[in-house]
Every structure is written in C-alpha cells, then in structure tokens.
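Protein chains in written order, with the numbering used here: chain E, 1 to 181; chain F, 1 to 164.
Hint data in this document are derived by calculation from the structure and do not stem from the laboratory.
No residue lacks a Cβ here, since even glycine has one placed at the ideal position from N, Cα and C.
Treat the hints with caution; some may be incorrect.
[Claimed, not checked] Cross-link-like lysine to aspartate or glutamate pairs, in silico, DMTMM-like; alpha carbons within 25 angstroms at most:
1. E:LYS5 <-> F:ASP101
2. E:LYS100 <-> F:ASP54
3. E:LYS5 <-> E:GLU23
4. E:LYS172 <-> F:GLU127
5. E:LYS90 <-> F:GLU128
6. E:LYS100 <-> F:GLU9
7. F:LYS116 <-> E:GLU23
8. E:LYS5 <-> F:ASP112
9. F:LYS34 <-> E:GLU142
10. E:LYS172 <-> F:GLU4
11. E:LYS14 <-> E:GLU83
12. F:LYS17 <-> F:ASP54
13. E:LYS175 <-> F:ASP54
14. E:LYS100 <-> E:ASP15
15. E:LYS27 <-> F:GLU4
16. F:LYS116 <-> F:GLU4
17. F:LYS20 <-> F:GLU31
18. E:LYS114 <-> E:GLU83
19. F:LYS52 <-> F:GLU4
20. F:LYS116 <-> F:GLU128
21. F:LYS154 <-> F:GLU35
22. E:LYS14 <-> F:GLU136
23. F:LYS20 <-> F:GLU9
24. F:LYS17 <-> E:ASP4
25. E:LYS90 <-> E:GLU179
26. F:LYS119 <-> F:GLU136
27. F:LYS20 <-> E:GLU91
28. E:LYS11 <-> F:ASP54
29. E:LYS11 <-> F:GLU35
30. F:LYS46 <-> F:GLU31
31. E:LYS175 <-> E:GLU91
32. F:LYS46 <-> F:GLU136
[Said to hold, decoys possible] Computed footprint of chain E on chain F; a stretch qualifies when at least three of its residues, placed anywhere within it, have a C-beta under 8 angstroms from a C-beta of chain E:
33. 41–50
34. 55–69
35. 108–115
36. 133–142
37. 145–159
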Amino acid sequence: MENDKLNQLWKSQKDNSNTNTPENIIKLAQKQRNGQFLSITILSITVIILIAYTIYCSVYKWNNFTIGLLLMIVSLVFRIALETISLYRKEQQLIALDSKAFQNYLGKHFKIRKIINYGVTPICFIIYTYGFTLLLPYFKREFSEGFYTYILISGFLSIFIIAIIVAFSIRKENKFYEELK
Amino acid sequence: MNIENQFTELYNTYAPKVYKLCLGYASGVDEIAKEWQQETFIKVWKHRNSFKGDASISTWIYRIAINTCLGDLRKSKRKFQPINESILTTPIDSNSKTSTDKDIQKMYSCIDQLTKNNKTLILLELEEIPQATIAETTGISHGALRTRLSRIRKALLKCITNGK
Chain E
1 MENDKLNQLW
11 KSQKDNSNTN
21 TPENIIKLAQ
31 KQRNGQFLSI
41 TILSITVIIL
51 IAYTIYCSVY
61 KWNNFTIGLL
71 LMIVSLVFRI
81 ALETISLYRK
91 EQQLIALDSK
101 AFQNYLGKHF
111 KIRKIINYGV
121 TPICFIIYTY
131 GFTLLLPYFK
141 REFSEGFYTY
151 ILISGFLSIF
161 IIAIIVAFSI
171 RKENKFYEEL
181 K
Chain F
1 MNIENQFTEL
11 YNTYAPKVYK
21 LCLGYASGVD
31 EIAKEWQQET
41 FIKVWKHRNS
51 FKGDASISTW
61 IYRIAINTCL
71 GDLRKSKRKF
81 QPINESILTT
91 PIDSNSKTST
101 DKDIQKMYSC
111 IDQLTKNNKT
121 LILLELEEIP
131 QATIAETTGI
141 SHGALRTRLS
151 RIRKALLKCI
161 TNGK
C-alpha cells in the first residue's frame, strides 16, 4: 500500500520528454562528430605547419630558435594529445561499463587527472613558456621595436590567460570528483 | 529496416524512461533532464556500432543514461535549486491534487539524500524496469538487489512521510 503511494507519486509527474525528435538527435550527433573532426584537422594542420617551419629553420641552423619552437610544439601537442586520449577513454568506458564499474572507473580516472593536472600540465606550461622566451631574442633582432613589444605583451598575456583558464577548469574538475567520493 | 528507422524505434521506446531517470538525477529539474536525455541518445547513435549484444539493448541504453548523468554532475551543481528543507517536515497529503507538486518536490528531496548507488536502483525501480535489467545495468547481483530495494523503499517512504 505504502509502496503504491511512492509509485503513484512517481507516475503523477508530467511527461515533458517529447520535445526532441530522433531526426534532430541524429543531426546533433553528426554535428558533434563533424566538430570533432574539424578541431582535429585544424590542430593537425597547425602542428604540421609548425613542424615544417622548424625543419626548414633547422636546415639552415640548429639554434635556440629551433629549440624554442620545438619545445613549444612538443609541450602543446603532448598536452592536447593527453587530454584527447583521456576524454576518449572516458567516453569508451561510459558506454561499456555498468554504473557500479563506471563509478569505480571515475575514481581511477580522477587519480590520473590529478597527476595530469598537478604534474604534467605545469611541466608542459614551463616548457612552453621557456620555449617562447628562447624565441624572443630572434624576434627582437628581426622585427621592429613596436612589433617586438606587441609579440612580447600578447605572448605573455595569452600564456597568463591560458594559465587562468586551465586553473579554473582544474578547480571545477576537482570539485566534481570530490563530490563523487 | 534501415538504421535511422531502428534508431527512431529505440528513441520512441526508451526516451520517456530515460528522461524520467535523468529527472531523478537532476532533482526534478526539467532543463537538465532534457539535456542528459539528449546527450544519452547522441551517444547511443554515435556508438551504435559498439553495441555487441552481450546485454540487452535496454540495459545498454540505461547504462549510457545513468553513466551520462553520473559523469556530468558539474552541470547539475550549476543549475540545481537548493533543496528546501522545510518541505521535508510537511506531512504528505495524498488527497489534495494541489499538493502533488509539493509532494513530488519532497520526493526528489528525499531521493537526493540517498547514496548514488541507491539513487540509481530506486530510479530504475520506479520506472518499472525489470529487476534482471536493473541488476545488469548496475552490476549488482539479483539476490542482493531485492533486499536493497526493499530497504531503500522503506527509507524513502519514511523520509517522504516524516521528513526523516
């Protein structure tokens, strides 16, 4: 009798579920997939151009400029690849595991994310910034003072903004996983 | 039957149940439940080739729905209304139609007090999903499931009736 009350209450809710259509879901899924392909393509092209430029420069002279460029590319690509693998793996587990196993997986995933967030990311950031500073003397020599100042300010400003965004997302992620415990 | 028609059939069969499940995780917030329902079926479509038939299709869809809700609690914290504790102390009124919304809110407040696993179990049970499917979806043995469900129901009813 009492149990019936609970079921009645549950069933008494309004059903607002039919606001989407399967056709729209398919379109959204395709849009999401196209977006992922586009991001990967843009990133790959950027990396190819940067690597090609580094090789082109290194042919003439292997110096601090090529080292700096290489450090920036490697740290950036490594961090993005790590993020992509992490997200891809999480989605694969999400569709394959039962809810109990998925919660256990989220616990393990959190430990790995902690290592990435507090270990790998700062190292990548330091390497990226160091690589950028190695380029500066060459920029100073090659460009006008005004343009050099622009590169200097915009370069460090963008590094600072990225650092804030990364710190914010790490904080958000930590909060989420703490709630999962 | 082509793949789009198969998906349409699946969507029409399971979307209402998935929505109600998500509503349970979203503390009754319709906007979040719809978002999670949509995300669930996007994943079902995207990963349709990964379904190998080891479990039934319903189990697979419920697993994706629950894991989507469990893995995306950040959104929930952002948009959820804080639970009004005073609702829990008001006795449930099964006769008045006007109090139904309050009773539903009270029910969600009580569901929110359950552990994540217990919440999953009771939401599936309330949606009248067969216990064998619940066991497969959650990874809990069928035998243990019955006992746990009975305990959860008792606790939930006590909370809804007495606010404890």
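Of the numbered hints stated previously, which ones are contradicted by the structure, given in increasing order? Hints 3, 4, 5, 6, 7, 9, 10, 11, 13, 14, 16, 21, 22, 28 and 35 not satisfied by this model.
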